[in-house]
Amino acid sequence: MSLPDTITEVDTSATASDVEQLVDKLPRERLAWMLQKMCEIRYFEEEAEDLYTRGLVHGTMHLSIGQEASSVGSIAALAPDDLIIHHHRGHGHTIAKGADITLMMAEFLGKEPGYCRGRGGSMHIADIPGGNLGATGVVGSGIPTSVGIALALKMRNSSQVLLSLFGDGAVNLGEFHESLNMAAIWRLPVVFICENNQYGMSGPVEKMSSVKPLSIRAVAYGMPGETVDGNAVLAVYSAVQKAITRARAGHGPSLIENVTYRWRGHSKSDRNVYRTPVEIESWKRRCPIARFKQLLQDAQVMQMEEMDGIDQEAKATVQRATQEALSLPEPSPDNLEDEVYAP
Amino acid sequence: MATQVIMPKVDMVMETGTFVEWLKKEGDRVEKGEPLFVILTDKANIEIEAPASGILTELRAQPDDIIPVTEVIAVILEPEEVLPPQPDLAAEGAPTPALPSAAPTSGPAISEPATGKGLVGAKVRATPAARRLARELGIDLSQVSGGGQSGRIHKNDVETFANHQLIATEKEPKGPQLPSKPLPATAIPLPRARQKQVVPFEGPRKIIAERMTHSALTAPHITLALRVDMSEATRLRSQLQGPIEQRTGLRLSFTAIIARAVAAILPRHPYLNASLAEAEIILWEDIHLGIAVSLEDYLIVPVLREAQSRNLEQIVRMLGDLLERARSRRLAPAEMSGSTFTISNLGMFGIESFTPIINPPESASLAVGKIVNTPVSTQTGIELRPMMNLTLSADHRVVDGAAAARFLADVRATLENPYLLI
Amino acid sequence: MNGDGTREISYLEALREALSQEMRRNPEVFLIGEDIGVYGGAFGVTRGILEEFGPERVRDTPISEAAIAGAATGAALMGMRPVMEIMFMDFMTISMNQLVNQAAKIRFMFGGKASIPMVIRTPAGSGTGAAAQHSQSLEAWFIHVPGIKVVAPATPSDAKGLLIAAIRDNNPVLFLEHKLLYGNKGPVPAESYTIPLGQAKVRREGSHATILAYSIMVIRALEAAERLAAEGIQVEVVDLRSLKPLDKETIARSVSKTGRVLIVHEAPQTGGFGGELAAVVAESDAFHYLDAPIRRLAGRDIPIPYNRVLERAAVPQVEDIVAAARALTYEGR
Numbered sequence: 001m002s003l004p005d006t007i008t009e010v011d012t013s014a015t016a017s018d019v020e021q022l023v024d025k026l027p028r029e030r031l032a033w034m035l036q037k038m039c040e041i042r043y044f045e046e047e048a049e050d051l052y053t054r055g056l057v058h059g060t061m062h063l064s065i066g067q068e069a070s071s072v073g074s075i076a077a078l079a080p081d082d083l084i085i086h087h088h089r090g091h092g093h094t095i096a097k098g099a100d101i102t103l104m105m106a107e108f109l110g111k112e113p114g115y116c117r118g119r120g121g122s123m124h125i126a127d128i129p130g131g132n133l134g135a136t137g138v139v140g141s142g143i144p145t146s147v148g149i150a151l152a153l154k155m156r157n158s159s160q161v162l163l164s165l166f167g168d169g170a171v172n173l174g175e176f177h178e179s180l181n182m183a184a185i186w187r188l189p190v191v192f193i194c195e196n197n198q199y200g201m202s203g204p205v206e207k208m209s210s211v212k213p214l215s216i217r218a219v220a221y222g223m224p225g226e227t228v229d230g231n232a233v234l235a236v237y238s239a240v241q242k243a244i245t246r247a248r249a250g251h252g253p254s255l256i257e258n259v260t261y262r263w264r265g266h267s268k269s270d271r272n273v274y275r276t277p278v279e280i281e282s283w284k285r286r287c288p289i290a291r292f293k294q295l296l297q298d299a300q301v302m303q304m305e306e307m308d309g310i311d312q313e314a315k316a317t318v319q320r321a322t323q324e325a326l327s328l329p330e331p332s333p334d335n336l337e338d339e340v341y342a343p
Numbered sequence: 001m002a003t004q005v006i007m008p009k010v011d012m013v014m015e016t017g018t019f020v021e022w023l024k025k026e027g028d029r030v031e032k033g034e035p036l037f038v039i040l041t042d043k044a045n046i047e048i049e050a051p052a053s054g055i056l057t058e059l060r061a062q063p064d065d066i067i068p069v070t071e072v073i074a075v076i077l078e079p080e081e082v083l084p085p086q087p088d089l090a091a092e093g094a095p096t097p098a099l100p101s102a103a104p105t106s107g108p109a110i111s112e113p114a115t116g117k118g119l120v121g122a123k124v125r126a127t128p129a130a131r132r133l134a135r136e137l138g139i140d141l142s143q144v145s146g147g148g149q150s151g152r153i154h155k156n157d158v159e160t161f162a163n164h165q166l167i168a169t170e171k172e173p174k175g176p177q178l179p180s181k182p183l184p185a186t187a188i189p190l191p192r193a194r195q196k197q198v199v200p201f202e203g204p205r206k207i208i209a210e211r212m213t214h215s216a217l218t219a220p221h222i223t224l225a226l227r228v229d230m231s232e233a234t235r236l237r238s239q240l241q242g243p244i245e246q247r248t249g250l251r252l253s254f255t256a257i258i259a260r261a262v263a264a265i266l267p268r269h270p271y272l273n274a275s276l277a278e279a280e281i282i283l284w285e286d287i288h289l290g291i292a293v294s295l296e297d298y299l300i301v302p303v304l305r306e307a308q309s310r311n312l313e314q315i316v317r318m319l320g321d322l323l324e325r326a327r328s329r330r331l332a333p334a335e336m337s338g339s340t341f342t343i344s345n346l347g348m349f350g351i352e353s354f355t356p357i358i359n360p361p362e363s364a365s366l367a368v369g370k371i372v373n374t375p376v377s378t379q380t381g382i383e384l385r386p387m388m389n390l391t392l393s394a395d396h397r398v399v400d401g402a403a404a405a406r407f408l409a410d411v412r413a414t415l416e417n418p419y420l421l422i
Numbered sequence: 001m002n003g004d005g006t007r008e009i010s011y012l013e014a015l016r017e018a019l020s021q022e023m024r025r026n027p028e029v030f031l032i033g034e035d036i037g038v039y040g041g042a043f044g045v046t047r048g049i050l051e052e053f054g055p056e057r058v059r060d061t062p063i064s065e066a067a068i069a070g071a072a073t074g075a076a077l078m079g080m081r082p083v084m085e086i087m088f089m090d091f092m093t094i095s096m097n098q099l100v101n102q103a104a105k106i107r108f109m110f111g112g113k114a115s116i117p118m119v120i121r122t123p124a125g126s127g128t129g130a131a132a133q134h135s136q137s138l139e140a141w142f143i144h145v146p147g148i149k150v151v152a153p154a155t156p157s158d159a160k161g162l163l164i165a166a167i168r169d170n171n172p173v174l175f176l177e178h179k180l181l182y183g184n185k186g187p188v189p190a191e192s193y194t195i196p197l198g199q200a201k202v203r204r205e206g207s208h209a210t211i212l213a214y215s216i217m218v219i220r221a222l223e224a225a226e227r228l229a230a231e232g233i234q235v236e237v238v239d240l241r242s243l244k245p246l247d248k249e250t251i252a253r254s255v256s257k258t259g260r261v262l263i264v265h266e267a268p269q270t271g272g273f274g275g276e277l278a279a280v281v282a283e284s285d286a287f288h289y290l291d292a293p294i295r296r297l298a299g300r301d302i303p304i305p306y307n308r309v310l311e312r313a314a315v316p317q318v319e320d321i322v323a324a325a326r327a328l329t330y331e332g333r
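If you're matching them up, the sequences are chains R, C and E in order. The first sequence maps to residues 1 to 343 in the working numbering. The second sequence maps to residues 1 to 422 in the working numbering. The third sequence maps to residues 1 to 333 in the working numbering.
So here's chain R without its partners, still in its complex pose (with noise of 0.2 Å):
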């Protein structure tokens, strides 16, 4: 298949004969893998919220329940030394990225041993000998830094690629606009990601956007665009895979929109006024990972008696992590000036 230079197609999903064929294609342990990140994810994510309610967690969260598939499907197209970056709804992207739970529960809790030793928390958790450059808070910002980081890629030639995620919220900063244009005239190995989750915070995509769907900006950088459905984890697969591929291979970035919804508000401190609890039941009824179980079950990949399996085996790891992350020490206060500057 021959790669233009520049595609403009926008592509409202990914065929059902893509995937159809990754159902085929894909080791079924990676299916598993997909599946048991997914659940993971969710758990992880349900327990996050507990801790909260008990009263545990300083701060707020910014829950991703609802969107596991955009997270799994997108991270699992990449080899295992491709970069990630992404933002304050990233607990998803770090559990796909492969981090270890404990230690991400750690950071949630602000423990000395989580992975940014307490100092960022829930908005900022970086893994980054994993790969995971880390989430940041200020809506948007990782999109400039996308551009910084694929250049060094393409300077020291390496066949690495980098995923910048953000959310619909982000594509009318002016720097994802400045960002797009760079990464684009420099052929950067980029993929740019939004997963449209419908809002912002409160402000719905339908009023905030000027043109739907979000992928068709791809066009004003000559870049190729894609909108999928972000709550079918194989379609996500697809897309992306397709995009990571040609910026491999040197054909630069691509603008991939995966559409998708988030349960809960947007924070802790959301109360969902700007949306309706039957609008909320709806999505929920289109649970990516109940979907996935029945794909899978109906492509007779594997026995639902088996995913619960691997559904209770998730939510397992995340309460044993949880326990032990709730043991670890505290930071101390004594060493506050130490990581502002590399010695």
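Keep in mind that the hints were calculated from the coordinates and are not lab data. Incorrect hints may appear among the rest.
What the hints assert, rightly or not - Short derived list, chain C residues pointing at chain R, Cβ under 8 Å:
1) Pro8
2) Lys9
3) Val10
4) Asp11
5) Ile67
6) Thr70
Here a beta-carbon is modelled for each residue, glycine too, at the ideal position from N, C-alpha and C.
Following the hints, put chains C and E in place on chain R, whose structure we already have.
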């Protein structure tokens, strides 16, 4: 397995919630995720979902109750489960209460304004440098007039003040009060004679007068004298003259040698380096030697501080510096007071001996006379030896005759055998 | 060539030399900014560098200050050593998010497990008739952000040594170049050398008063000191060189010696770095030796005007420094 229903934290800073109403009743079957009760926070009414499926029981919250976050308000039992009778469910396995307060032990840096101790004249407008100097010299800033903006006192104002004052207003040690009134002049008739000049009786002269009067009137003086054979001392001086001059650029005087000797000896005679202060006699550890110097108008006594730990060369230097500055009126008041023992030498005027008045609050004072070649009786007959009179006045309240004598003898012994100074 | 191995070159040439030498030494050092390639940089600093190092390492960008800053941040996060240029310091406003929220904070937020070794070079200051939006000195904003270092060299030799040091520093360093300094010449060693950050320099010794200054105000203060010397007033001029980290010891030592201090900077007085310096002096041991209030001489609290006379009047000039230093010396005397 029973699931506790708690007042949840739904806001970053929430500590209590107001219970509004139950949406299910005691004994109802509830499903996980189903709206179970309503609470009120400062933002709005919020529906809270059931955390588990089962039978709702043990409802504890009433409408309008204000309930702390994490407090248990109900229990959801599995079907057919029965709660064991327990008086206080809240205690058993209750979720751990609120966060450990992460108050750092070291807060943000608080900048403390630099303050000095014992600010003199705290309401006076003065620069830090001026205050510092005033503190060092023991000057009351309220006495100083400032040349800066709005009368602000600068360092040079304090210096000027100090230079015009040769006596610092140090605290007098407690003791008998100075006579407050001078002798009434009208009591003694003045001679009938033409006046050459009328000199105001004030300033340093007056202060010296008061001190000497005080000393003479309150301290019973005993006076002891002896002659010292300065042959060895003279030999020492001629040996060291050259090297000292080379090293310091100054001449080695007998006064310096005597000062060195006295400083070495006084520690053995503590009552001669002491002060009587009302109810106690203070024996001083330091030996601050006052060396009386006569200027044209009056006497000043520059002080060699901590003479006990100075060697001859250092004494020569210090003495040279003090004397030079004394003559050019550049001594600070602090350098002209605070001595613990005084030495006066009138030998350069040809005076062979004299009786010093003790400089209060010291307990003794040593007068040095001229070195005169005098025939003395020695083992080998009559010889001319360079003899020098030493006269010691001591305050009999503090020092008795024998102590004074021992000291004086010690001085003689040392001057006659200066090798003892090693 | 001078006897000591230095030669007279301009501040601008010294910067160019620093960049070239570091780029030769380390292949991961690269330049990124607007019009720095073929054009040679808006002020000519990078002229010739493209020819030696090629377009990969001398990267012209679109007008995208946010993306430039992000690109530098991301590349630094990966371990490269970008030197980004913001054409006029005024445009740093567009880069602020990347510099303040990403570059300055990534290391700390990630528990020390990352570092951002980048340099932000930017021409600052007034005097070229560029008016309000092309003449600002905004160093105070960045000094106030933990995680960023700030340097402001006054002489060609300092410019070279500090730029090399900044490139080798493992943190984001903001490097201020005053536009009027580019043409100044001074002795500069030919070889590569560094000047440590956090080290001030006493450029002229004196006993009557201390002037604390940086960037162009050092030059003006030295000129002022020369004129004052003819009147018998000896002022000591301290060139801060590095605003953050700051050499508090040299400052305290000088002010303790003279007892009087005049702080001079171009940026507007209110909220300017001078306030911080005054507090540093007051909190130091030098407080006890102060014989006059701490004085600041800084830019007027106005945007820089266009008209030449007005522009001059907006910031301290040599005669202003002379007058202020003289008045300070005589306060209370």
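Practice task
Determine which of the earlier numbered hints do not hold for this structure and return their numbers in increasing order.
Solution key: 5
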